[in-house]
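*Asks:* Protein sequence lines, in the order shown, are assigned to chains L, S and W. Residue numbers for the first sequence follow my numbering, so the first one is 1 and each next one is one higher. Residue numbers for the second sequence follow my numbering, so the first one is 1 and each next one is one higher. Residue numbers for the third sequence follow my numbering, so the first one is 1 and each next one is one higher.
The hints are simulated quantities; they were obtained by calculation from the structure and are not laboratory data. Where hints are given, some of them may not hold.
[What the hints assert, rightly or not] List time: in silico DSSO-like cross-link candidates among lysine-lysine, alpha-carbon distance up to 30 Å:
1. L:K32 <-> L:K225
2. L:K197 <-> W:K187
3. S:K129 <-> L:K32
4. L:K245 <-> S:K142
5. L:K187 <-> W:K187
6. S:K129 <-> L:K240
7. L:K50 <-> L:K193
8. L:K195 <-> W:K201
9. S:K277 <-> S:K226
10. S:K287 <-> L:K245
11. L:K225 <-> L:K28
12. L:K50 <-> L:K106
13. L:K245 <-> L:K225
14. S:K129 <-> L:K28
15. L:K225 <-> S:K277
16. S:K129 <-> S:K226
17. S:K314 <-> L:K245
18. W:K201 <-> W:K34
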Amino acid sequence: MKILVGIKRVIDYNVRVQVNRDGTGVVKDGVKMSINPFDEIAVEEALRMKERGDAAEVVVVSIGPEAAQQQLRTALAMGADRAILYQAEEEVQPLAAARALLAIIKAEDPGLVLLGKQAIDDDANQVGQMLAALWDRPQATFVSGLEFIDSVARATREVDAGLEQIDVELPAVITVDLRLNEPRFVKMPDIMKAKRKPLDIRPFAELGVEMPPQLETGLHEPPPKRQGGIKVESVEALVKALHDKGVLS
Amino acid sequence: MSRVLLIADHDGRTLNTGIARSVACARQLGDVHVAVFHTADTDAPCAAAAKLDGVSRVLSVSNPANNAPLAAVLAPQIAELANGHEDGYDYVLAPSTTFGKDVLPRVAALMGVPQVSDLMEVIDARTFKRPIYAGNVITTVKVPEGIPVLATVRIASFPSSGQGATANIVSATVDAELPTHTRYVGLEESGGGDRPDLQSARCVVAGGRGVGSKKNFDIIFRLADKLGAAVGASRAAVDAGYVPNDMQVGQTGKIIAPDLYFAIGISGAIQHMTGIKDAGCIVAINKDGDAPIFEAADLGLVGDLFQLLPELEKALDAGE
Amino acid sequence: MSEHDNGIEREVMEYDFAIVGGGPAGFACAIRLKERQPDANICLLEKGAEVGAHILSGCVMEPAPLDELMAAWRDDPPAICVPAGRDEFRFFTKTRSFRLPTPPQMHNAGNFIVSLGELCKQLAAHAESLGVEVFAGFPGRHPLIEGDGPAARVIGVRCGDMGVEADGTPDGRPGPGFAPGVDIHAKTTILAEGCRGSLAKLLIARFRLDRDATPQTYGLGFKELWRLPAGRATPGLIQHSVGWPLDHKTYGGSFVYHLDEDRVYVGYVVGLDYADPRFSPFEAFQQFKHHPDIIRLLEGGEIISSGARTIIEGGLQALPRMDMPGALLIGDAAGTLNVPKIKGVHQALRSGMLAAEHLAAHGSGEGYDAAFRASPAGRELHKVRNIRPGFHGGLWLGMANGALETVLGGRGPWTLKTHADWNSLQNQAATRAHGAQAAMAAHWHAERTLAPRDRLASVYFANTVHEEGQPVHLRVADTSICATRCAEEYGNPCTRFCPVGVYEMVDDGAGGRRLHINASNCVHCKACDIKDPYQIIDWVTPEGGSGPNYQTL
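Using the sequences and the hints given, assemble the complete structure.
*Replies:* So, in structure tokens, the structure goes:
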């Protein structure tokens, strides 16, 4: 089976993101960029499947700027077999990304698509679900456990109520959550090997995506600063204030 | 008046509390219909939805296939309802629970329209605020004219609607082809007899370095149990070995948004505050009246926690 | 190929040249080597998560060496790059300031205010385009030495292990994701770790490279990037001050560099030879920001990032021998910075290029030390060698001496000695008796209003991260001293000299006190390794990629 893993280049998880001076976006100068952490977990899961013999090939794909090659190289150094970058310097919104991934699926014909549950930049949490709908295949989102029995995947999903299990027939789209695995450290010799693995760069336009209606993005601003409240003098006053606020059930 | 379709999140018995909050958002946009997808014997949530202030109609969609919250099964029905039912809806909303996040993008793709995730504030009929970068940036997005607005509602941003309404419950039939490639196996509910999960608890009691020792942390657990709360800790308390790592709240620990947060013996370093910036009400108890926690707490009490906490437990007992 | 060590199998990678440290010296050396020997295999190790993440410098740069190394930089300048404008040098009292003549070394016409971290990213990209293999997130952890005695020779470095779990022992144990660090073997290993490099420290001791040098001395520098209300910054303006909040006996001063887009760099440097164990360099910097001249500038602005790093100040007389069998020290790993100019970048670039030229011409590093001293960079250090040590007698004597040395151009026949920083602390009894610097704090403002509120908050603006659960990388040889001798003699100065509050004395639960190390706050400045009066703190590299993530500093 071939596994297709989608990865996105995002501002690193450890960077404190700040709104730029004119509010048109966030500061990107000098900011470290990385593989979206959930996508890295997806890459790791695909590699483990390959190592277990559940998959034959791991292909990583990204839609993004030319510099996203760095993130694809990292995925190759982790162990992916080959990489494709569909170069798009402008933002690609989730529905357009899902349509693009569908076009890639038509060409690659994978048995499984693994994605992160969401990208930590726009926090949309949409692409996997949209792709599954367009592909008319099953989806399993928020996945923290994954097993395969023949052509069915049993996914454990981290839902609000607890851990839900569903069976999905393959091919399917799985979006992964934090606790699925702990991605491996990239090893130095593997970074060298990754430089020789195939990385195709193709123009996004080549996919022939029909662009859907786009959300218009306006002002970016920092979240409102939390204001201090009042100091109370006693436990009685505290309990009364809590009751007045209606927060004690 | 615009027509709003809100998709109910329920477990076959009760309505998710996020629905009452989503209604508060939905009613700012138009006339609210709540759609409940269920089987013949799991229609109790319809009645609960009909009571919510601001709901004018409940659409009860009964189908044996609706025995579990499967996005692949529900999305075609929702899209059909949104497109076709009585001229269609201007808005399709779902709470940004794991249910809503799972199903609504699938609906959006079927309808060929974008979705707004985590709508936190309505600016005008098509313009909304939403958080990005884990809530560190708020952005404004506008949905273009001529298409329905699909959005998940960030429930922490809206108050709950009251329960004084008596909306009509109307059964609706939806003609959609439903897939069988996805099957529900089961749910292992979290929590149960133990304390609630830190990440999803409505109330959290957290202790810091000021608690002083692993043994002293019992006083935090006792208060938490009294309140039915989860227990958290600051990094300093974790580093000092009072409690395990998975209880850490803050930048490098868990980011949480309970309705009520007790910070006890926690100084309130920025790194900690980052983890609770979306909490509803923050209560600080600390002996240092100059601690930064008081600059962000809604209610502060300066004093010795070992004296104040037992008093607080007693006062809570008295109030019961 | 692999090698066994303590039962851990390690891969070995062979190179012609291994460079440790992704700063200006390391990249200058790598780039020049590739130019001279295009077929050479060169790797460069950087402990930060990416190149630039751990780079902190003022920085007003003299451009000539960079022009020589990478002429195209002017067409594609780093993200922060502002031509130097007017220079201002002022003396501060608590409430006022006086204009002083700008010392000639501190004139900056033709120079550039740059973000050195950003510049290093561009140097890295250039080096990679030439075929240098740059590995970010991989610290050099141990030197590899072959042979004993006079036959000893550096044959490479061992990279740090990844995925080690703390288990109470100094080295920890392999965790579930454990990945052993590879051994890099190289014909020549080049240490370019910057000030107080952990490998350089070991090798200086191992090969007694400092036997003909006077003790090395250091400063501790702080730097913040602020965004000001529109129109308040004067792009290119370079401001320095001496005086308040330091007393005359403590060496140090401030810088404010005005950038474009309403941004400024604000920083402070304190000589680590200060005497009062109660002195807090961090607090001195924060006090400085509340001087009327400075708060007027910053108030209403927003702090964007912050960091701290030690600065090597010993100059020529403290410069260790820069070559040893199989290895070289370049840049501030050796100590090539020009203190009176408060500039090190041009010197680091020169020393890196010179090392490359020497290696290419001679096939080994032997003789590099002499070549450096005879080079323009070495002569520049000779000229100013007596200026920083002249401040040992305080600010006014230092300034007078500096003026004299400047007139003489360093041609005087004398060379002033330097003194080690770690034994410059007076014990508490002496401090109380003299009362000297203790008086300093009394002249500070009672209340501060500008961010960061405290050291923990400044850590936040440094974006520092260390994977939880790894062994503590600040190794204290004997923690029993902390609660006993040190508490008594010096009052635990580590709790004050550390710019980010790594060291804390806490209740030990049995009526006493014990040392608690907040290792994850560490910004890799190395002040503790230098200033600890018992010299029992050993700073070692944590897991690769840990540490600060400086942005445009």
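*Asks:* Determine for every hint whether it applies to the structure shown.
*Replies:* For each hint, the structure was consulted:
1. L:K32 <-> L:K225: Roughly 26 Å between the alpha carbons, so the hint for L:K32 and L:K225 holds.
2. L:K197 <-> W:K187: Roughly 29 Å between the alpha carbons, so the hint for L:K197 and W:K187 holds.
3. S:K129 <-> L:K32: Since the Cα atoms of S:K129 and L:K32 sit roughly 27 Å apart, the hinted pair holds (cutoff 30 Å).
4. L:K245 <-> S:K142: Status violated; Cα separation ~34 Å.
5. L:K187 <-> W:K187: 22 Å, holds
6. S:K129 <-> L:K240: 34 Å, violated
7. L:K50 <-> L:K193: Holds, at roughly 18 Å.
8. L:K195 <-> W:K201: Violated, at about 34 Å.
9. S:K277 <-> S:K226: 24 Å, holds
10. S:K287 <-> L:K245: 24 Å, holds
11. L:K225 <-> L:K28: At roughly 22 Å apart (the allowed maximum being 30 Å), L:K28 and L:K225 satisfy the hint.
12. L:K50 <-> L:K106: Distance of about 22 Å is within 30 Å: holds.
13. L:K245 <-> L:K225: 20 Å, holds
14. S:K129 <-> L:K28: 22 Å, holds
15. L:K225 <-> S:K277: Holds, because 9 Å separates the two Cα atoms, which is no more than 30 Å.
16. S:K129 <-> S:K226: Between S:K129 and S:K226 the Cα gap is close to 37 Å, so the pair fails against 30 Å, i.e. violated.
17. S:K314 <-> L:K245: 20 Å, holds
18. W:K201 <-> W:K34: Between W:K201 and W:K34 the Cα gap is close to 27 Å, so the pair holds against 30 Å.
Of the hints listed earlier, those the structure fails to meet are numbers 4, 6, 8, 16, in rising order.
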